[in-house]
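Number of protein chains: 4
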Amino acid sequence: MNRVGILQQPRIHESAALGDEVRRWLAERGVASWTAAPWDDEPIAAPLNETDLVIVLGGDGSTLRAARWTVPFNVPIFGINVGRVGFLSEATPESWRDKLARVLEGDFWLERRLLLHAELWRDNGLVQPFMALNEVVIGRGAQARVIRLHLRVDDDLVTTYIADALIVATPTGSTAYAMAAGGPLLPPQLQNFVVVPVAAHLSLNRPLVLHENARIAIQVDMSHEAYLTADGQKSVNVESGDTVVITKHEQPCLFARVESTGFFYRRLMGRLGFSWPHLDPGPGRPATP
Amino acid sequence: MNRVGILQQPRIHESAALGDEVRRWLAERGVASWTAAPWDDEPIAAPLNETDLVIVLGGDGSTLRAARWTVPFNVPIFGINVGRVGFLSEATPESWRDKLARVLEGDFWLERRLLLHAELWRDNGLVQPFMALNEVVIGRGAQARVIRLHLRVDDDLVTTYIADALIVATPTGSTAYAMAAGGPLLPPQLQNFVVVPVAAHLSLNRPLVLHENARIAIQVDMSHEAYLTADGQKSVNVESGDTVVITKHEQPCLFARVESTGFFYRRLMGRLGFSWPHLDPGPGRPATP
Amino acid sequence: MNRVGILQQPRIHESAALGDEVRRWLAERGVASWTAAPWDDEPIAAPLNETDLVIVLGGDGSTLRAARWTVPFNVPIFGINVGRVGFLSEATPESWRDKLARVLEGDFWLERRLLLHAELWRDNGLVQPFMALNEVVIGRGAQARVIRLHLRVDDDLVTTYIADALIVATPTGSTAYAMAAGGPLLPPQLQNFVVVPVAAHLSLNRPLVLHENARIAIQVDMSHEAYLTADGQKSVNVESGDTVVITKHEQPCLFARVESTGFFYRRLMGRLGFSWPHLDPGPGRPATP
Amino acid sequence: MNRVGILQQPRIHESAALGDEVRRWLAERGVASWTAAPWDDEPIAAPLNETDLVIVLGGDGSTLRAARWTVPFNVPIFGINVGRVGFLSEATPESWRDKLARVLEGDFWLERRLLLHAELWRDNGLVQPFMALNEVVIGRGAQARVIRLHLRVDDDLVTTYIADALIVATPTGSTAYAMAAGGPLLPPQLQNFVVVPVAAHLSLNRPLVLHENARIAIQVDMSHEAYLTADGQKSVNVESGDTVVITKHEQPCLFARVESTGFFYRRLMGRLGFSWPHLDPGPGRPATP
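If you read the protein sequences in the order shown, they are chains B, Y, S and C.
Those letters in the first sequence? Residues 744 to 1032, per the working numbering, in order.
Those letters in the second sequence? Residues 744 to 1032, per the working numbering, in order.
Those letters in the third sequence? Residues 744 to 1032, per the working numbering, in order.
Those letters in the fourth sequence? Residues 744 to 1032, per the working numbering, in order.
Pulled out of the complex, with its shape left as it was, chain B reads as follows:
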């Protein structure tokens, strides 16, 4: 790996300071790098097609944004968490050197995470496509009134939700908003979607797990405003009668990982407040056969 991009968070001071440090460290090792500090969705003038790795200096929000640039070019992400929540990151501002050195030497594994592709349709015309690494949410606006969402999977009618919102999440998103709404946990390597309503009222209030090739169509029905939001960032107005069609995105999101595969469970239990000693099998307990 000898061409690395660095994405900084323009509004986090530590991100810029760490950026300087990472650049110097890379230069000392003879690795060329470029830096961008984009805000939101503005295009970045960076040679992504010639880049081997993108280092994201930020929290999970920064990683979600970075995915929109890296995915089309199949460039893996290496995240150093300088945000509040860094569930997607590989390293911390204290621990990145050893891990990044291993990545540059090729001593890492590629984690491929499912992305979803969403299309908003109105009057048989495509309004806008979306890509999401966490989830797509179709939900009510500021008025605290339910919306109706008719769900079809592979052209089979499933049910009508009456709820604040409906979340369609990837395994990556299963630990984000979908978890808050009561959804199950899916380790990142799974190839599934999960559909979770928020505050379902006298209608299906169970999460539904679907396979990666499912074609998920959601028709919206309400008398007030509603929104489609992808990864908690891009929001567009949805009108009554609109249909949102969700399928697997053709490319995965790649992450360069050094930690062992169990890192997902270790971090998750840490975040949920279940301390590590719980996991100790105890003295005299053999490992599983």
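Do not take every clue at face value.
Derived DMTMM-like pairs (lysine to aspartate or glutamate); straight-line CA-CA distance at most 20 Å [claimed, not checked]:
(1) B:Lys-842 - B:Asp-763
(2) B:Lys-977 - S:Glu-968
(3) C:Lys-977 - Y:Glu-968
(4) Y:Lys-977 - C:Glu-968
What follows is a set of in silico ranges between Cβ atoms, one per label pair, in the way DEER data are often shown [as the list claims (entries may be wrong)]:
(5) S:Gln-994 - Y:Gly-1016: 31 to 39 Å
(6) B:Arg-1014 - C:Thr-1004: 25 to 33 Å
(7) S:Gln-994 - C:Arg-855: 23 to 31 Å
(8) S:Trp-852 - C:Leu-853: 33 to 41 Å
(9) B:Arg-1014 - Y:Gln-976: 33 to 41 Å
(10) B:Arg-1014 - S:Glu-982: 29 to 37 Å
(11) Y:Thr-990 - B:Gly-1013: 44 to 52 Å
(12) S:Pro-753 - B:Arg-1014: 48 to 56 Å
(13) Y:Asp-897 - B:Glu-771: 35 to 43 Å
Since the hints were made in silico from the structure, they are not lab data.
Beta carbons: idealized from backbone N, C-alpha and C, even for Gly.
Using the hints, position chains Y, S and C against chain B.
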């Protein structure tokens, strides 16, 4: 299809009466049949290796038992529900003729459902293997005290559950005990397991979805009695320190289906009390694009 | 009872037609009546201080609005459901005559339901008071981002919620939005509040039940818009740093009831899809000792 | 306070060692004391009618047992936690001296916690009464099969649960088994019961909150074994057709408390893994008005 087996429920009177009817109906069409009315796990003297279809006259409990005979021979099941719950059945005592006629003519589709294979290990020796179409439960005995269950997936430590029980369910089982314990719903064609604790106390209380190739190892830790139960039927004592290893069973369970693929959602919503009109997309609403 | 008010729903045609019928029926019995068809919160020119009963022709939304007029005058409500949901009503357009006749004759019981009083405070000044029969919700606006809500009860710090919204509901509201958000059910005669977060993220996600004399103070903390909504109808903007203080309203909401006290459970189970036969204790089962 | 009883845990070594320490400390202050180390329900030969305070050296299990001796004599409990879980205790082996000194000087408040009284009835005869500080559970035996439980409150039919078990808990019990089963949290001063099913299958799966004067009658219906367990300790066999009647116990359980009333929330959030900083209202945030 010209060799059909009939499995009757020895303790349900309607099952025997319906058996006579089905046998006559098959004979009129020149289809050879054999009949068995086994109780529990007793072996049946039936030429399963030369059988094209097994008709199960009973409820879901009968189907779960029938799977233990049909799966090794790859024989599909056609269920006529004469029990209280017939979620797995294809037909009712009123509706079976047309559907069975279509199956005999080859006008049906094969539903392949994931089965799980469980092994109970003690002191590095295999105590007993199990097969289950719904779920395997490792749970407390009569004493209302929690047990500890250390979960590993593919040799990664996941967490320690402190709970009444831990359920490992197939998609088929996701609408049975796992649903009662708060698990998500998985349509039958999914290739996933779902792990759901029952009444988890200050430990992970979220369902976990896993892929079909996962190797699930559960080590049990308690000072009182515990049991492993497969499909709510076979129960064996588990000792503290035992490990239960669960993987995908090498063969699926086959069902001969005539109804369209959406039958799963229609039945599920019916059972959950969400009436069909909810599903109507309404006048003027085009089908999804 | 000889002075009765009738509140019609100005936007539901059946409500006006039923109003004519009720008026004629009352006149035949020599009962004086007045009619109002207010929309939203407009004042009504009606002699509520001289009124013995208010008949509400509408659904639960109409009853929630009617409470704002009847409560200050201690006038009981008799609801005839012409809306979609009539959980608070006593009668239907088919069944009201017998029941209303019994009420006029004094053959009824008074149901007293707890109301809550909420005050929005900003910079140590009271912005606005609210009254609610169902619930007060403090929630995010159109942007799907969490807000932080610091809860104090009787000046004791309880916890900080990170969620879409926080609901403080009465027993009446326990079957409305609070139920959708996962709250417990409270029969209407209870003197408790219930606090339920919506989609709590890595923070307390359990409902909390409080006693009627609790002083509930919620301080709001977010970088985007948030709203306070009372009974799903009145909504005002909340700013970061604002505090909402909720206590019991000094007067209850009165309902004139003819049905036996178990009506709450019968309707609830009906709405939840649990059919009545489930409740049959079965032949040979004595009543409870 | 000059007559104090000490209840030790016969099976915990630290409990006996601490007992010696507490006895010496009391003697130095001229306070007479007696000691008992009973196992389970055996009677203790102690002058409870002449005792001002009972010090419990153990965990929550010890406190639950102690309540059975102290409640009839209205003697308050002061718990020093030497068990794994000490949610009911006031002090720790490190912190007891100051707190106990304050209690002896009368500088404390009395916490009165609701107890429940349960009666098991069979064929119109009372089989056995029970008292519980946490909860009464009516649940299945070792066989993982549901039981049916018909619930009546104040002679009104409520619903039929089809579940592993039904829990009737006090506010004290709301943080124990009832919490694991999905119940709401009730601070200890509440005067309510909460009814929570465990793994309810296609039947009411919502917790139900009731007032302290409710008469809760549960009729049991199953074809296999079931048990009634009070406070996780005393278990008796229940037969199909039996009815369990639960009401408020005539006396409360008293605790001598030195900590401020908010201690319940502080401990609860600690146990649930929500760290204290979450509760900080932040700089510049005034206290609630």
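Inset, instruction - Give me the numbers of the hints this structure contradicts, sorted from smallest to largest. - result: 11
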